[in-house]
Every structure is written in structure tokens, then in C-alpha cells.
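J.: Protein sequences appear in the order of chains A and B.
With the numbering used here applied, the first sequence corresponds to residues 1 to 98, in that order.
With the numbering used here applied, the second sequence corresponds to residues 1 to 487, in that order.
Among these hints, one or two may not hold up.
If we take Cβ atoms under 7 Å as the criterion, some of the chain B residues that face chain A in the derived model are [stated by the list, open to error]: (1) G97; (2) F99; (3) Q102; (4) S209; (5) T311; (6) K328; (7) K345; (8) G352; (9) K356; (10) R357; (11) L379; (12) K380; (13) V381; (14) I419; (15) K420.
With a straight-line cut-off of 27 Å between C-alpha atoms, the simulated BS3-like cross-links for lysine-lysine are [said to hold, decoys possible]: (16) B:K420 <-> A:K26; (17) A:K85 <-> B:K61; (18) B:K88 <-> B:K35; (19) B:K57 <-> B:K18; (20) B:K61 <-> B:K16; (21) A:K85 <-> B:K57; (22) B:K13 <-> B:K464; (23) A:K94 <-> B:K328; (24) B:K35 <-> B:K254; (25) A:K94 <-> B:K16.
By construction, these hints were calculated from the structure, which means they are not laboratory data.
Don't be surprised by glycine CBs; every beta carbon is placed ideally from N, CA and C.
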Amino acid sequence: MANVIDDETIDYVGILAELELSDEEKEQAKGDMSRMLDYIDKLNELDTTGIEPMSHAFAVSNVMREDLVTNGDGSEATLANAPEKTDDTFIVPKTTIS
Amino acid sequence: MGILDLTAVQLGKAIKEKKYTALEAMEAVLEQIDKTEEDLNCYVTIDKEAALEAAKKAQEKIDAGELTGPLAGVPVAIKDNMCTKGMKTTCSSKILGNFIPQFSSEAVIKLEEAGAVIIGKTNMDEFAMGSTTETSAFGATKNPRNPEYVPGGSSGGSAAAVAADECFFALGSDTGGSIRQPASYCGVVGMKPTYGTVSRYGLIAYGSSLDQIGPLAKDVTDCATVLEVIASHDCKDSTSVKREDTDFTSALVKDVAGMKVGIPRDYFTDGLDTEVKQAILDAAKKLEEAGAIVEEFDLSLVDYAIPTYYTIAAAEASSNLERFDGVKYGYRAKEYDGLHNMYKKSRSEGFGPEVKRRIMLGSFVLSSGYYDAYYLKALKVKAMIKKAFDEAFSKYDLILGPVAPTTAPKLDSSLSDPIKMYLSDIYTISVNLAGLPGISLPCAKASNGLPIGVQMIGNVFEEKKLIRAAYTLEQILGDLELGGVRA
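Extracted from the complex, chain A is given alone in its bound form (with noise of 0.2 Å):
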């Protein structure tokens, strides 16, 4: 196996992804990845000098728009899903030290 991931690399991952792993978690997910790594591998078969890369598959632009509010106010609707919430805002845990 060409990529061995370490538990270094588990735990940058986990920060990046906002991710909390249990041991057995991180264990399972070294081997996933490293196996899907290796697979991927596949792709250094090919020579992509000189190719540009293609994020859109045929050409698109950017669509401007002149910044008109179109919608009332949908603080109602917005706050309808909130785990925890008060009548105008959500609510987080606490950010500050006081």
C-alpha cells in the first residue's frame, strides 16, 4: 500500500472536516483511505501536462445581478428549523470568556 494514512493525518482530517472520531472510527477510516488513496493513485497513470483543469464541463460565466432585495423578511421562516433559539436569534453556545 503506496499511502499510509497516520493518526496524524486522521486527526488533521477530522479537524478540517469538523469531524469527532472514536478510536475504532479513526481506525476503520486510516484503512478506507489509504485503500481509496491507493485507487486513486490511478490517475498519475496519465500524463496531464500542459492540460488545464475542467471544474465546469462546458463553459459558464459568471451571472451578475443588481443587489435588489426581492423578499420580505423571512426571519420567521428562517429561525422555523433552529435547534435553539430565541424569538429573533439563534442560539450557540457560549463564544466569549466573561
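With chain A fixed as given, assemble chain B onto it according to the hints.
T.: Frame of chain A, contents of chain B only:
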């Protein structure tokens, strides 16, 4: 012939001619759901009262002459990753288990404007990540042709609901084959249009550059009719394409004379089941006998499509799914220590294993130090794959091949080996990378009793060629007597 034997278009016509009402159609579907849903699990959410009420209202509008289109009064099932105002939309994930959208996706609005009536929301692989509908947080869907087998995925609930007559047609989404593969496994017709044809507004994103909404239906006529209704230019989706040629039903013509059909030799290698292979070659022969010019050719790069796809799709997924953080909607962990720990715990408890696997892979390939080697490399190979298709379409009107290497696998046989599961997408995935339209059409019944689908791929914006060829083949093949729970 009962009401459930009608196609969506036939039902719409019968309602117009006052042979049936929209309410009778909804009642028939709900009665069928009562019989088979417990075994099949096609739906995540069914709101019977709302469905019956909406059917009544549709009938009033039909009677008043306000609704005159081909789908007026026809019951439809919507994949559970499309937002429906006031109706739970879960993506078959615990993290959205209680999410009730405050707006509807544009494709759903188009259907409702045309008078189609929503039955409920269909089961899927969690966040459309999977090929069997087994990664759903709400249990697997079973294949109505034989409930020991998977329906395919990720739009497995939609395909199964159509095959089991638990709806008259359904919407699905296709990121790497998620409409075409379940359509093939369940023996229905599924179509993924050219990227940008149907607005993605309100479709909960997986891989934004690949996702596209499309119909799953009983026949090609229904598919073309539904696509004509949902195709639209939408300023709320900046990748939406303004097209003047969305009169897809005009292509429902039995004529393939002179049409050039290319068969990629590299689709017919070792991994392909011999019975599937024969069925596809037989279908090609039928088109040839009808006047098409059929030729084999080398498409090239086929083996590189899956690693390219999983790199790009995982990268986009890791970014798209960042929004699920337990703040604005969805699941929030009960116990946590501070804001970041709340994010982490909510996501870790809310997402299933396959979703976490792809988010982690995506985060890795986008991370500093690996971005060029993985993500950028994949975008370059994508350009090469697109070029290979461009070359093919300079010679052929369409490409014909299998949808999947085998018929539907047995339940509980796929998830233990992710890479093996990913390999079942080999014939569908490059279509999304290149933004092309593709259609999956039942073409035979295998010796195990399961349906086999044939795939046709067109150049961008050439859905009409696909529809014409698929319609012609469907007319030639006639009734395949696929059977199933209701037969």
C-alpha cells in the same frame, strides 16, 4: 386494465376526459402504498391527508379549466433531497431528520404549477451517497421486482415507487448514475438531462458540478413529458442554462434511420456480466435493424472515470456539507463542550458512515499539500474525459452501452467493500463528469428474473436524439413482462 396500469401521460389524458378524477388517482396510489410499502420502504414521508387534499384542489382547477397540461392531476413522488415547502425533507439522514423546508425546490414548483400532485418523499442513500439505497438512515428500500435485492441508488426509493405503482412517476437526482442505475435495476425509465437543464435550486447539494435532477417513469413518453415540464432557466441557480429547445415530447418519434450509434469497446470488458452484455448487444442489433448505423469504437479513459469522480464528488461534498453544523436547522447533539465541540458532535452523531467517509476524503484531497496531487489532477483528467466524449460525438449521434455491470445485487452484499460498490458506477459516472444527458431503458429480463437496462448517452443539449432512439427501441421491444410485487 386498472388505473394503476396507466402511465402518467395516459392518466393525465383520462383525467382530462373525465374517465377518472385526480382524487381517484391519488386514492388508488395510496391504496397500493398500503399494500406494498411495508415490505418495500420506498418512502421516507407520506402525508396522506395533504395528498388527498392537494388532489381535490387539482381536480377543481382542472374542472375550472385552469390546469390543462399533460400531468394535471397525476400523483408524483419526490426524492427526499428536494425541498418541499411544509413537508419534511431529510436526505435520508439523521442530521436532517426533523427538517421542514420553508420553500420548495424549483423542479417541484414546476411540477405543481403543471398540476402534478405530491404523494410524499422517497427514500435514498444518505445525501445521495451510495449505489443501493442501503446507506439511508431510515432503512433500505427493496427492489419491487424481487424484494431480496436492492433497488439501486441513490434514487432507489423513486425507482422502486415507480416499479411498484406506488406513484405514477417520480423525480430523482443523478450525480454519478443515481437516476439511471436504479431505473435499470428496477426496470423503469430514468433520464439525466444535460447539466444545467433543470434548476438545482432547492436540491440539497452533494457534488454541485455533477448534480442534476431528472425523471423516473414508466416509459419514455412519460420521461420526455416530465422533463419538458421541469426544464427551466432559473436565475436562482447560476449554472442554469437558458435553452430554447425543451420541447422534448416532439422527439417521441419511431425513427432511427441513419442515426449513428457508437458502442464503446472498452465498456464490454471482463467486469461485465455475460447476460447483460448480450442484452445490450441485442438492443443495439434491434436499432440496427430499424435503420441505425451501429459501430464499435474505443472511447478510452474508462478506467479513470471512477477515481476522478470520487475525488471531485468527495471534494465538493466536503464543502457542501459544511453547512450542517447544528445551528440553523437539523440535528444538534445533546451534550457538548463549547461551540466547536457542538459542531463536531452534531455532525459525528448526525452523519452516517458513508457520508463521513466521503467528507473526510474530500477534506483531505482539498487540504494544503494534497490539493494539486489529488483534486487538481482529477480536474485535469476530467478535461481529458470530456475531450474523449467530444471526439466520440464528432462521429456518432449517440453512445449505447450498459447501465451497470450486473443486475441488482442482493441486499446486504455491497456496503462492506466501498470500492467494489463504487465500481458498479463505471458506465454512468463519466456522463456526469462531462455534463452529458443519459437515459436508462429496460431492455431485457435476466435469467434471475431481474431487469436489465440499456444506457444511451448523447452530446450536451441533444436529449432529443436520446429520446427518439429510446422511444424507437421501446416500441420495438414491446412489453418485457418484468413482473414484480403487483404483477
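J.: Confirm or reject each hint.
T.: Tested hints:
no. : hint             : in the structure
1   : G97              : 11 Å, violated
2   : F99              : 6 Å, holds
3   : Q102             : 4 Å, holds
4   : S209             : 6 Å, holds
5   : T311             : 6 Å, holds
6   : K328             : 6 Å, holds
7   : K345             : 6 Å, holds
8   : G352             : 12 Å, violated
9   : K356             : 6 Å, holds
10  : R357             : 6 Å, holds
11  : L379             : 3 Å, holds
12  : K380             : 4 Å, holds
13  : V381             : 5 Å, holds
14  : I419             : 6 Å, holds
15  : K420             : 11 Å, violated
16  : B:K420 <-> A:K26 : 21 Å, holds
17  : A:K85 <-> B:K61  : 40 Å, violated
18  : B:K88 <-> B:K35  : 23 Å, holds
19  : B:K57 <-> B:K18  : 16 Å, holds
20  : B:K61 <-> B:K16  : 11 Å, holds
21  : A:K85 <-> B:K57  : 36 Å, violated
22  : B:K13 <-> B:K464 : 23 Å, holds
23  : A:K94 <-> B:K328 : 16 Å, holds
24  : B:K35 <-> B:K254 : 37 Å, violated
25  : A:K94 <-> B:K16  : 60 Å, violated
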